[in-house]
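Visitor: Here is what each chain is made of, one letter per residue.
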Amino acid sequence: MNYIEYVNLKIRSNISTAGRVVVYGQNVAAGSCVSGLAKGLKAEKNATVLNTINAENTLVGVGLGLLLNGVSSLFVMKQLDFLLLGVDQLVNTSNILRGMTPKASFSIVAAVVDSGYEGPQSCLNSLSDFCALTRISGYTIATKQDADEVFDNRLFEPGIRIICVSQRLLKSEIPDTEAEVKIPQSGIQKHADGHDATIASFNFSFPQARDILMSLRAQGRTASLYNVNTVLADDWTEIMKDAARTGTLLIVDDSRSYNRSSDRLMTAVSQQEKSVRIITVRREFGRHWYQPSPDVMTVDMPSLMREIGNV
Amino acid sequence: MASNILTGKPLAGNEQSLIGVASEILRIRLSQLIINEKYKSGSFRIPIHLALGHEAIAVAADTVLGKQDALILPHRNLHYNLARAKSLRPIVDEFLLKETGLANGKLGSMNLANPDARILYASSILGNNLGIAAGTALANKVTETGDVTWVVTGDGGMEEGAFYEALQFCAAHGLRLLILVENNGWSLATHIMERRCPVNLERIASAFGVPYARLDGNVPQAYAQVLRELRAGIVQHSMPAVVEVVVKTLGGWHTLDEGATVPRYINYHAGPAAKVQLGDWPVLEESESDPVYVLLKQHDRDRLEELSRTMLGQLLSEIR
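Sequence order for the protein chains is B and W.
Okay, so the first sequence: first residue is 1 according to the numbering used here, each after it adds one.
Okay, so the second sequence: first residue is 1 according to the numbering used here, each after it adds one.
By construction, these hints were calculated from the structure, which means they are not laboratory data.
Be careful, since some hints might not be right.
[Stated by the list, open to error] As a list, the in silico DSS-like pairs of lysine-lysine whose alpha-carbon atoms are at most 25 Å apart:
1) K106(W) x K86(W)
2) K39(B) x K171(B)
3) K182(B) x K144(B)
4) K103(B) x K86(W)
5) K78(B) x K39(B)
6) K67(W) x K103(B)
Fair warning: this is a prediction, and the values are worked out from it, not measured in the lab.
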């Protein structure tokens, strides 16, 4: 099953078992149904489905107003950068709601425009920037396990959150793993266990991280593979313990931001596990970062393998 | 049955209404003047936006608000909070950030809400509360309560895009929302004539196909009648409505800048009304802009002054 079909399936199945919920957004029940995210949603006994006007500030306020009144809602939006228009609500209103104990949920599901060709106005498009600014929980869906864990457990959990899918991955097969996935309390998934390196993937870079693991295995080496789908994660205990054991931490992060979650892991490891060697595969700001471009994080695998092997 | 605050005797219907309204106007005015005195003396560290001159619309709204109607307020919300809380002490304590405050000292002034009195939310960000009000109105629709959501904004707030977004959203989805625009002509230190072209709010409401009413003159009973009719229409037709209320924020003063020949008016926005003193008779301006002065149209001055003295004594005793 491809990525967007699986995400859509998870959203629909969770709505059908939720209590009273309002699902809304521009084109949620029209046209492509927000790139397929909201395909097949229809008003049911428990669900109100609203095609709305283009008014992100108010639409975020509507979700928070519903939450304030004990009604859960899901705002589906086409692009994360549209959410900039609702930042006032996400920062200022949510700060007031923090002092309350919410009985309902407000989730925003948006696509991160990481396909690169949208140009200047889709450049601030990293979920970590939004989460750093708002201190609202954010989740990225990079794998089938992410979709299962986040949509089944978080979508209608009381409180506020932003859940992002990758536009670049929409039509590809959803990344999956046959290995047992451990989900410790930190919300970090472990997809593989090994001895030669510890790989931690962030944002939507699981496919690249998995390719790195496969390349290592092709050379007769093994590595642990973690996927961090929680943007404000701060419990790095398990990854640090594993990195201390393997001696090498490989951070793979395709988010383009000065507020990356992986920066916090890097800081924690460099402060607390000084003997661990840190190698990064990340997408940096190029000279023309604001112009249309392929914008895909590519991995120079031969060089990386040499660097990992050069202990 | 209500009783005369002076004599303790039960009041007849119309008299009850008239005295009741006068008492509320005086209570809200005197409460603010007491807060102003404390503010001037440096008791409060938080920013407070006094609403001297805004008492009539607060009293009228408090009268018409349905039992489960929600009230969503802006940063200048003191008059509504005083009207709904019916007491001064919890608000003063809140401004002192005490646990005995109306919100346990956690919200201060600009965000002061009181869910028990159906004030669900107050925002310090211009236009921010309109989206929350739209969500509250939508919650009422999906839960089929039939209640009306009231949201208060101002001539500054309606300049924000959120005003048009929320109005359009609520009109599009048939939501029961009453938008009160308190037009005092000022945004911080900039008068409306200095910052924008004239905006015809009635035509804007008409463009969205929603009713509009304009309130002026500071007679709470007249305001309440209009609000009651509008509220009934909102409930019957499941639609929003816009009410523009002309207010003058009293307590400003004039200053003569160095080299200037014409004094400049200071709209103090937040902070204490430096030139206003607490007294038995709290009229601040002898015109229809002052809701306390307007009371003289319906009441004997001596009686009002006596009522004011008694009220002031009660309020001072409450916060002692």
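Visitor: State for each hint whether it applies.
Guide: So, going through the hints one by one against the coordinates:
{"no.": "1", "hint": "K106(W) x K86(W)", "verdict": "holds, 20 Å"}
{"no.": "2", "hint": "K39(B) x K171(B)", "verdict": "holds, 14 Å"}
{"no.": "3", "hint": "K182(B) x K144(B)", "verdict": "holds, 14 Å"}
{"no.": "4", "hint": "K103(B) x K86(W)", "verdict": "violated, 29 Å"}
{"no.": "5", "hint": "K78(B) x K39(B)", "verdict": "holds, 13 Å"}
{"no.": "6", "hint": "K67(W) x K103(B)", "verdict": "holds, 22 Å"}
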